[in-house]
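> Sequence:
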Amino acid sequence: MISVQLMNITKVSLRLFQIYYLKINIKDSGYLVPPTIPNIQLKKFEEGKAEWVKAGDQLPDNAVIGGFENEVLYIVRSKHRRSLTPGKFVPSEGIGYISWGGQANAKAGENLEILCGYNFVWTKTNGDSIPSGAIEGGYSEVNHEILYVGRVERKGCVIPGKVQPSHKVCYFSFDGREVPSREYEILVLP
1 MISVQLMNIT
11 KVSLRLFQIY
21 YLKINIKDSG
31 YLVPPTIPNI
41 QLKKFEEGKA
51 EWVKAGDQLP
61 DNAVIGGFEN
71 EVLYIVRSKH
81 RRSLTPGKFV
91 PSEGIGYISW
101 GGQANAKAGE
111 NLEILCGYNF
121 VWTKTNGDSI
131 PSGAIEGGYS
141 EVNHEILYVG
151 RVERKGCVIP
161 GKVQPSHKVC
171 YFSFDGREVP
181 SREYEILVLP
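The sequence shown: position 28 = 28 (the UniProt record's numbering), numbered continuously.
Everything labelled a hint here was simulated from the structure, so no lab data went into it. Each hint can be trusted.
The calculated lysine-lysine pairs, modelled on BS3-like cross-linking and capped at a C-alpha distance of 27 Å, are:
#1 K168 - K79
#2 K49 - K124
#3 K155 - K168
#4 K49 - K79
#5 K155 - K124
Kindly produce the complete structure, drawing on both the sequences and the hints.
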């Protein structure tokens with residue numbers, strides 16, 4: 001028994017000697033190689049802050065995901081007929097859609113701002129109930145009423161849009177038109 005253990009220790013010692021002193025490739029030695037961690041660059045997150053960033057060629061790393069409609073949707077806003085209105089961005093099309101006047105209005109390029117930040121939560125609400133910390137997405141064309149960022153579940157999709165408190169609904173763009181919903185979620189920074 002002792003001779004078997006001694007023989008195993010001798011085999012291991014010989015193999016380690018070959019690896020370290022004879023420079024045999026450790027991958028071919030039968031031993032596991034610990035992984036190496038590359039020198040990675042850390043990025044500082046601006047937590048607890050909502051920031052609207054001009055759209056560019058690429059989505060910012062911290063762009064806020066607003067929902068899903070055959071692909072991930074992001075939250076954008078754009079000026080339209082004296083309003084600044086939040087809506088959805090469809091990456092595959094490179095176009096944002098805002099609901100206004102019964103239609104889904106397409107917006108692109110420098111007309112778009114993308115919501116960026118971290119630590120947001122979606123809060124279920126309805127009507128004109130606006131929770132504390134709700135994210136302001138823009139303003140209406142009449143009296144510059146504050147519009148908030150909201151989203152609605154519709155036919156298996158989750159679609160971002162605008163919450164207009166005086167109308168007690170969240171409007172969103174769907175199938176080329178503006179659709180209202182009395183039940184929705186609103187984006188909040190706790």
